[in-house]
Structure formats: structure tokens, C-alpha cells
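Engineer: So the sequence lines, in the order shown, correspond to chains D and A.
Using the numbering used here, you'd call the opening residue of the first sequence number 61 and step up by one each time.
Using the numbering used here, you'd call the opening residue of the second sequence number 72 and step up by one each time.
Rather than coming from a laboratory, the hints here were simulated on the basis of the structure.
Some clues are possibly wrong.
To be verified - Keeping only pairs whose Cα atoms sit at most 20 Å apart, straight-line, the calculated EDC-like set for lysine to aspartate or glutamate is: (1) D:Lys291 with A:Glu375; (2) A:Lys344 with D:Glu282; (3) A:Lys344 with D:Glu290; (4) A:Lys113 with A:Glu132; (5) A:Lys379 with D:Asp296.
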Amino acid sequence: MKVLVPVKRVIDPNVRPRVKADGTGVDLANIKMAMNPFCEIAVEEAVRMKEKGVVTEIVLVSIGPAQAQETIRIGLAMGGDRGILVQTDVAVEPLAVAKILAKIVEAEQPGLVITGKQAIDDDANQTGQMLAALLDWPQGSFASAVAMDGDKLKVTREVDGGLQTVSLSLPAVVTTDLRLNEPRFASLPNIMKAKKKPIDTKAPADYGVDVTPRLSVVKVAEPKKREAGEKVADVDALIAKLKSVGAI
Amino acid sequence: MAVLVLAEHSNDALNDATAKTVAAAQAFGGDIDVLVAGHNAKAAADAAAKLAGVRKVIHVEGEAFSHALAEAVEALVVPMMSGYDAFFAPATTTGKNVAPRIAAKLDVMQISEITKVIDASTFERPIYAGNAILTVKSADAKKVVTVRGTAFQAVAATGSASVETAAAPAGPFKATFVSEELQKSDRPELASAKRVVSGGRALASAEQFNQYILPLADKLGAGVGASRAAVDAGYAPNDFQVGQTGKVVAPELYIAIGISGAIQHLAGMKDSKIIVAINKDEEAPIFQIADYALVGDLFKIVPELTSKL
Chain D
61 MKVLVPVKRV IDPNVRPRVK ADGTGVDLAN IKMAMNPFCE IAVEEAVRMK
111 EKGVVTEIVL VSIGPAQAQE TIRIGLAMGG DRGILVQTDV AVEPLAVAKI
161 LAKIVEAEQP GLVITGKQAI DDDANQTGQM LAALLDWPQG SFASAVAMDG
211 DKLKVTREVD GGLQTVSLSL PAVVTTDLRL NEPRFASLPN IMKAKKKPID
261 TKAPADYGVD VTPRLSVVKV AEPKKREAGE KVADVDALIA KLKSVGAI
Chain A
72 MAVLVLAEHS NDALNDATAK TVAAAQAFGG DIDVLVAGHN AKAAADAAAK
122 LAGVRKVIHV EGEAFSHALA EAVEALVVPM MSGYDAFFAP ATTTGKNVAP
172 RIAAKLDVMQ ISEITKVIDA STFERPIYAG NAILTVKSAD AKKVVTVRGT
222 AFQAVAATGS ASVETAAAPA GPFKATFVSE ELQKSDRPEL ASAKRVVSGG
272 RALASAEQFN QYILPLADKL GAGVGASRAA VDAGYAPNDF QVGQTGKVVA
322 PELYIAIGIS GAIQHLAGMK DSKIIVAINK DEEAPIFQIA DYALVGDLFK
372 IVPELTSKL
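Could you build all of it, start to finish, from the sequences and the hints given here?
Structural biologist: Written out as C-alpha cells, the structure reads:
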């Protein structure tokens with residue numbers, strides 16, 4: 061089975077984002093970028109399925125600027141086989157991403173698509189579900205365990221009350237939650253090998269998808285600041301404070 | 072204008088997130104209908120009919136809806152949307168699972184986890200783990216929105232809307248329910264609890280998490296939360312996780328115990344009214360947003376606090 065894994069280039073999760081002074085967005089100039097952590101989990105899961113012999117080929121896709129090629133290279137170093145970069149400088153929204161991915165699925169015919177459940181920049185949590193809908197495929201979102209079960213895929217999902225397990229007919233879309241696995245670090249030899257793996261460069265127009273945003277940014281603002289409060293000396297002082305403000 | 076609100080429920084009861092989503096729909100404007108799709112869900116439908124400001128409840132019965140499978144809910148909602156200008160779902164795991172499917176089928180770009188309705192096409196939502204607040208305007212003819220419950224006050228249960236029944240779409244669907252393991256607890260539900268006690272990595276084991284955090288939570292009648300680090304380490308179950316990718320809470324009182332305060336955790340609790348942090352590391356980032364900071368050994372402080380309350 062072939063697996064398609066979309067990967068997104070985002071701000072490094074350890075960097076604190078700063079809102080631009082003119083309120084048009086978040087300042088990403090000279091900021092360290094990385095693969096979205098949920099996408100790393102998606103790549104790792106695909107690689108583990110390949111190691112188990114369930115998966116034969118892993119195709120990585122990134123939709124973004126030229127530098128998104130670096131994000132694909134990281135995934136190739138983790139164990140991906142080849143990449144497709146759909147290059148654009150437009151900040152492509154989840155709906156358009158899903159449409160491009162649907163076209164790539166048509167061409168590549170994977171049996172499974174594994175996406176991250178959300179990107180840590182726009183926190184949208186939409187792409188995987190949208191892709192599943194456009195393809196009329198079933199979905200296992202927020203997955204914490206994935207296993208083949210005959211010709212079905214059993215997916216355990218993290219839901220508000222605990223865990224839910226669903227059985228999906230294939231092909232299907234899975235979106236990853238944090239506990240699905242712990243992604244490996246790419247070793248230096250694998251990073252070197254990844255440089256020779258092929259990456260196709262395409263444009264959104266090659267797939268006939270209009271990536272003009274449907275949502276326009278009115279403004280981006282700093283959240284209300286919370287000031288540090290006061291230090292209390294001991295438990296008695298804490299209880300007194302909480303009583304004085306009516307919290308207990 | 073008319074809005075279809077997806078109810079969050081457990082068949083025999085309506086979840087509080089529904090009343091908060093109705094409140095957001097009221098701010099949007101127009102007639103509000105609530106869809107209760109479930110299995111033996113008459114109790115939930117009746118409860119939805121009592122929500123203030125609701126025009127009518129649409130009650131749909133079907134086996135596939137007993138666990139709100141996204142494929143089935145999509146098949147139900149998409150044809151209904153010809154009669155509505157907007158679809159509002161709570162930003163629960165159910166709403167997040169299904170709303171993007173409906174948006175994609177309607178060719179609409181969804182607006183996720185709104186915290187404010189500015190007008191019928193403009194909304195506020197947090198991005199970058201709440202480190203920035205985006206005001207966004209939608210050019211789509213219909214709106215598909217998920218609603219962050221902590222940002223809206225639940226409407227009262229003072230209404231008396233009619234309940235209509237509608238037919239369920241024919242299956243089978245490509246996904247089927249297998250099983251679920253839900254945490255059974257008498258404690259208040261984390262997302263809507265007035266008080267929350269959360270534990271972090273410093274608890275160091277599941278036994279100690281249970282031994283130190285739970286008695287304090289019970290003394291306060293609080294819900295129990297955890298940092299991602301504590302959940303990843305197996306000290307607490309996944310549904311306890313508070314943060315950017317877990318639950319977002321905004322209780323009257325939030326007590327963070329042994330939690331350093333990564334931005335991903337702060338994203339899930341910084342709108343709490345009063346924040347107490349107990350941590351032995353004076354430099355822990357959690358202290359930068361805490362109203363009351365107690366520096367010291369949680370294994371001494373927490374039992375003392377529990378016994379003195």
C-alpha cells in the first residue's frame with residue numbers, strides 16, 4: 061500500500077511568535093522554522109507501517125514556499141521515499157490544501173493518507189477531514205493508535221471523554237494526535253541519503269486549484285496580557301488570599 | 072438568516088457546549104435551529120428545546136449517530152444546509168471532527184474555534200496557541216464555524232421550542248463504531264468546571280498524580296486537568312490534557328501544580344479568572360501569568376493545602 065503524508069512548514073514550536081507592529085500578521089522574518097509537530101508524527105507512523113511491511117511507498121507532499129522543500133527533506137531523512145513540492149508564496153488555506161491533495165490522491169492512488177491533526181500556526185484542524193470529505197473517504201481523526209485489521213483500518217481516537225475506536229474501510233484518511241508515536245530523529249547518514257531522493261516541483265495551477273484565500277485578515281493583535289501576580293509565602297497565606305477574592 | 076447548530080450530547084443528556092454554541096449563534100443573528108442527531112436521544116432533544124433563543128429542534132434518530140460518526144453526520148447535514156446561512160458546531164472533538172467535512176462539501180472555508188462574533192461575516196479566533204488573535208472576514212456565501220465554549224456564556228434553559236423529527240440518511244457508512252473507553256468520574260467535566268486542579272510532570276508517576284492531585288480536586292469540587300508532559304508520560308489519561316491541542320478551559324479558579332507553563336499549556340488555561348501556581352522552580356514561566364505563586368515542594372504543599380481547605 062502506498063501512503064501519502066502531507067507535511068507543513070511552520071514556526072518552530074519552541075519559538076514564541078510575535079505579532080507584527082502593523083497588525084497584519086505574525087512576524088516570521090528570520091524566525092526558525094520546522095516541520096509541524098503533528099506532521100512529524102504522521103511521517104513517523106507511515107515509516108513504522110513501512111517497517112512492518114504494511115506500506116510499500118511513502119510519498120511526502122508540502123504546499124508552500126520554495127523553503128518547504130527543506131521540510132520534505134526532513135521527512136525523506138526520516139524514511140519517506142519521494143516528495144512533491146507544490147510551490148506557492150500564497151498562504152494556502154486548508155480548503156485549497158485539501159483540494160490540491162485530492163488531485164494528488166487521484167494521480168497517486170494511495171491507500172491511506174496520514175495528516176497531522178492541526179498545524180501549530182493557524183490552529184485550524186481542518187485539512188484531513190476536508191480531504192476525506194472531498195474524496196468521500198472515511199476518516200480517523202485525532203488518532204492515538206492505528207492498526208490493520210484484515211482489509212480494514214482500526215483507529216483509536218482521542219475524544220473529549222476518553223478514547224473511541226472506529227473501523228475504516230480503505231482508502232481512508234487518518235489525522236494524528238500527540239500520543240500516536242514519538243517521531244525519530246533523522247540520523248546523519250539518512251540526512252545525506254535523503255538529499256538524493258527525488259522531489260517533484262509543481263504549482264497549484266498544475267492541479268487546477270484556485271488558491272485565492274476565502275478569508276481575509278482584518279487584523280492580527282496581541283492577546284490581552286496577563287500580569288504576573290504576587291508571591292505568597294505559604295499555604296496559609298494562599299488560602300487567605302483565595303478567600304479574600306472569593307475564589308474559595 | 073438562519074443558523075443550524077449541531078448539538079453536543081450523550082443521547083441521554085445535553086452537553087453544556089451546546090448552550091454556548093447557541094449563544095455564539097445568537098451573536099451571529101437570525102433564526103436558530105438545533106440539530107440533535109443521536110440514538111435514543113429524546114432526552115437530549117427535549118433539553119435542547121429548552122435553550123433560550125432556539126426556534127426549533129430537529130431530532131434525528133439513527134444507530135450511526137449514537138457516537139456521532141463524522142461520515143454519517145456529514146451525510147445528514149449537507150443536504151439540510153440549503154435552508155441555512157450558517158452551520159455552528161461546538162469546538163469539541165465531535166464538532167472538530169465533523170465540521171470540516173461539511174465545510175468542504177459546501178465549498179466553504181471553515182472558521183475554527185471562534186472566540187467572538189463581530190458581524191455576520193467577521194469573527195475573532197486565536198492562532199499560534201493563543202499568542203495572536205486573528206480577526207478574519209469570510210467571503211463565502213455560507214459560514215461554517217466552530218465555537219470555543221469558554222468564550223461564550225451559555226444561554227439559559229428558559230425556552231420552549233418545538234421538536235421536529237427528521238429522517239436519518241441511509242447507510243452504510245465507510246466508518247463504523249467499534250468501542251469506546253470513556254473515563255467515568257463523578258468530578259465536574261473539565262471543559263465546564265468552575266474550578267480546575269491540574270498536575271504536571273513534577274508529579275513523577277501516575278500513583279503520585281492520583282495521590283496528590285485528586286484529593287485536592289475533590290476537596291474543591293474541581294475538575295482535573297494535566298499538562299501534555301504528564302499525559303505523555305502516562306501519569307494522567309489523554310482527556311485530562313489542557314492546552315493548545317487538548318482542552319481549553321477558563322474556570323473561576325485554576326490551580327497548576329508542578330506545571331512549568333510551556334506556551335502550549337498556557338494556551339489552554341490563561342483565560343482562567345484566578346490562576347494559582349505551585350512549583351519548586353522560581354523561574355517557571357507559569358509564574359509569569361499566575362495571580363498567586365507559591366514556590367516550594369508540591370509534595371509538602373499540596374497535602375497541607377488539601378487538609379486546610
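Engineer: Now tell me if each hint is right for this structure.
Structural biologist: Against the structure, the hints come out as follows:
no.: 1; hint: D:Lys291 with A:Glu375; result: holds, 18 Å
no.: 2; hint: A:Lys344 with D:Glu282; result: holds, 19 Å
no.: 3; hint: A:Lys344 with D:Glu290; result: holds, 15 Å
no.: 4; hint: A:Lys113 with A:Glu132; result: holds, 9 Å
no.: 5; hint: A:Lys379 with D:Asp296; result: holds, 8 Å
Every hint from the earlier list agrees with this structure, and none is contradicted.
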